[in-house]
Amino acid sequence: MAKTHTIFISHSWKYHKDLENLKNLLQNRGYFNVEFEEASRDTPINSNNATYIKQRLKTKITNSDVILGIAGVYATYSDWMKWELDTAYVNNIPIIGVIPRGQLRMSAIVNDKSITNVKWNTESIVEAIRKYSK
1 MAKTHTIFIS
11 HSWKYHKDLE
21 NLKNLLQNRG
31 YFNVEFEEAS
41 RDTPINSNNA
51 TYIKQRLKTK
61 ITNSDVILGI
71 AGVYATYSDW
81 MKWELDTAYV
91 NNIPIIGVIP
101 RGQLRMSAIV
111 NDKSITNVKW
121 NTESIVEAIR
131 KYSK
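Per full-length UniProt numbering, residue 1 is the first one in the sequence shown, and the count goes up by one each step.
Careful, some of the hints might be misleading.
[As the list claims (entries may be wrong)] DSBU-like cross-link-like pairs, simulated, lysine-lysine; straight-line CA separation at most 30 Å:
hint, residue 1, residue 2
1, K17, K3
2, K131, K17
3, K17, K82
[Unchecked claim] Distance ranges between label pairs, derived from CB positions:
hint, residue 1, residue 2, range
4, Q55, N121, 32 to 38 Å
5, G102, P44, 27 to 33 Å
6, G30, K54, 32 to 38 Å
7, K14, A50, 15 to 21 Å
8, W13, V90, 20 to 26 Å
9, S47, K17, 22 to 28 Å
10, S133, A50, 17 to 23 Å
11, S47, L25, 27 to 33 Å
If you are wondering where the hints come from, they were derived from the structure by calculation, not from laboratory data.
Small disclaimer: the values here were computed from a predicted structure and weren't measured.
Ideal placement from N, C-alpha and C gives every residue a C-beta, glycine not left out.
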């Protein structure tokens with residue numbers, strides 16, 4: 001039986017469409033099983049308490065086989081993405097930077113923590129997940 005990869009996607013809520021597109025891309029890839037751990041607009045952590053939110057996110061991050069950091073330049077301005085990637089990094093969860101379509105530059109926050117960076121291409125992303133997933 002094929003491995004199911006548990007993935008946390010670090011993303012900016014302002015660019016929710018990127019998250020949904022990336023999830024759809026991976027879910028629709030044949031012979032590739034995924035489960036997602038991140039919080040999103042569809043599955044939020046219903047709290048305004050930052051400590052509680054961080055505790056829940058840390059559990060989701062450490063339960064993941066790999067982190068995908070959507071590496072648009074907007075990530076540089078997201079305190080939550082920085083915290084998520086820092087948390088993954090210190091807990092030895094591999095981070096893969098995914099450069100959105102059409103982007104020529106990527107976020108330094110993602111680039112500094114990622115083990116590799118790939119373009120927004122199904123096969124490149126799947127190959128990196130299979131290679132680096134714990």
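Each hint, compared with the structure:
1. K17 / K3: 27 Å, holds
2. K131 / K17: Cα-Cα ~26 Å, so holds.
3. K17 / K82: Answer holds: K17 to K82 is near 19 Å, not above 30 Å.
4. Q55 / N121: 32 to 38 Å: 35 Å, holds
5. G102 / P44: 27 to 33 Å: 28 Å, holds
6. G30 / K54: 32 to 38 Å: The hint (32 to 38 Å, Cβ to Cβ) holds, given that G30 and K54 are roughly 36 Å apart.
7. K14 / A50: 15 to 21 Å: About 18 Å separates the Cβ atoms of K14 and A50, which means 15 to 21 Å holds.
8. W13 / V90: 20 to 26 Å: Between W13 and V90, where Cβ atoms are some 23 Å apart, the hint holds.
9. S47 / K17: 22 to 28 Å: Holds: the Cβ-Cβ distance is about 24 Å, inside 22 to 28 Å.
10. S133 / A50: 17 to 23 Å: 29 Å, violated
11. S47 / L25: 27 to 33 Å: 30 Å, holds
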